[in-house]
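K.L.:
These are the residues of each chain, in order.
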Amino acid sequence: KAGVTQTPRYLIKTRGQQVTLSCSPISGHRSVSWYQQTPGQGLQFLFEYFSETQRNKGNFPGRFSGRQFSNSRSEMNVSTLELGDSALYLCASYAGWGTDTQYFGPGTRLTVL
Amino acid sequence: SQELEQSPQSLIVQEGKNLTINCTSSKTLYGLYWYKQKYGEGLIFLMMLQKGGEEKSHEKITAKLDEKKQQSSLHITASQPSHAGIYLCGADRGGADGLTFGKGTHLIIQP
Numbered sequence: 364k365a366g367v368t369q370t371p372r373y374l375i376k377t378r379g380q381q382v383t384l385s386c387s388p389i390s391g392h393r394s395v396s397w398y399q400q401t402p403g404q405g406l407q408f409l410f411e412y413f414s415e416t417q418r419n420k421g422n423f424p425g426r427f428s429g430r431q432f433s434n435s436r437s438e439m440n441v442s443t444l445e446l447g448d449s450a451l452y453l454c455a456s457y458a459g460w461g462t463d464t465q466y467f468g469p470g471t472r473l474t475v476l
Numbered sequence: 005s006q007e008l009e010q011s012p013q014s015l016i017v018q019e020g021k022n023l024t025i026n027c028t029s030s031k032t033l034y035g036l037y038w039y040k041q042k043y044g045e046g047l048i049f050l051m052m053l054q055k056g057g058e059e060k061s062h063e064k065i066t067a068k069l070d071e072k073k074q075q076s077s078l079h080i081t082a083s084q085p086s087h088a089g090i091y092l093c094g095a096d097r098g099g100a101d102g103l104t105f106g107k108g109t110h111l112i113i114q115p
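Residue numbers (this note's numbering), protein chains in the order written: chain F, 364 to 476; chain L, 5 to 115.
One or more of the hints may lead you astray.
[As the list claims (entries may be wrong)] Listed next, the in silico DSSO-like pairs over lysine-lysine satisfying Cα-Cα at most 30 Å (straight line): (1) F:Lys376 x L:Lys42; (2) L:Lys107 x L:Lys72; (3) L:Lys107 x F:Lys376; (4) L:Lys107 x L:Lys40; (5) L:Lys68 x L:Lys42; (6) L:Lys21 x L:Lys40; (7) L:Lys60 x L:Lys31; (8) F:Lys420 x L:Lys55; (9) L:Lys72 x L:Lys31; (10) L:Lys55 x L:Lys42; (11) L:Lys31 x L:Lys68; (12) L:Lys40 x F:Lys420; (13) L:Lys64 x L:Lys40; (14) F:Lys420 x L:Lys72; (15) L:Lys107 x L:Lys68; (16) L:Lys31 x L:Lys55; (17) L:Lys107 x L:Lys21; (18) F:Lys376 x L:Lys40; (19) L:Lys55 x L:Lys21; (20) L:Lys42 x F:Lys420; (21) F:Lys420 x L:Lys31; (22) L:Lys21 x F:Lys420.
Simulated from the structure, these hints should not be mistaken for laboratory data.
Computed from a prediction, not measured in an experiment: that's the story for all the values here.
Model the full structure from these sequences, guided by the hints.
P.N.:
Below, the structure written as structure tokens:
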């Protein structure tokens, strides 16, 4: 079974631009969560999608948004990028119910200049 | 919000030695996950513990969840260079805001 894939792996943007990151979950998994990892704050939960619906949302500004498609693939978008958005963005895939193991992708390293 | 405290923050161990990493929660855990991360890469799932007193092992790594479900330990026996990395514990708070993670323990194995 293929693992979680994320594209692109690396991205460099400038302040004010927007960016879209993609995550393809493990086949059969219906839920995707997104996390931001920075040296200062560690891993922080952004949002969770299940069957194309946002199920939970972390404490991030509205510039951070996401969506999930019918094939469970998910995208997250960050508009009006700020320097502080530089981070490793990780998505996690899981079946979607109960206490279920979350499997993480390799991440997208976003650098904002 | 529930916080997870990991200790130690960093650890340098001579190859072949045993080591233990701890993860303490201020609230009862519904599920406790252990992951390993190489710098700048994704998280590799190690183990998940749910029941108080539960203990799981995989190769030379053993994880335990205490009876009160507020503390977990990760023990590595006869450490190897491949064990080097960042170990993260993550807590399930019952389906709310994703997993809450500790700050991680940086493990260095000295040959």
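K.L.:
Are there hints from earlier that the structure breaks, and if so, what are their numbers?
P.N.:
22
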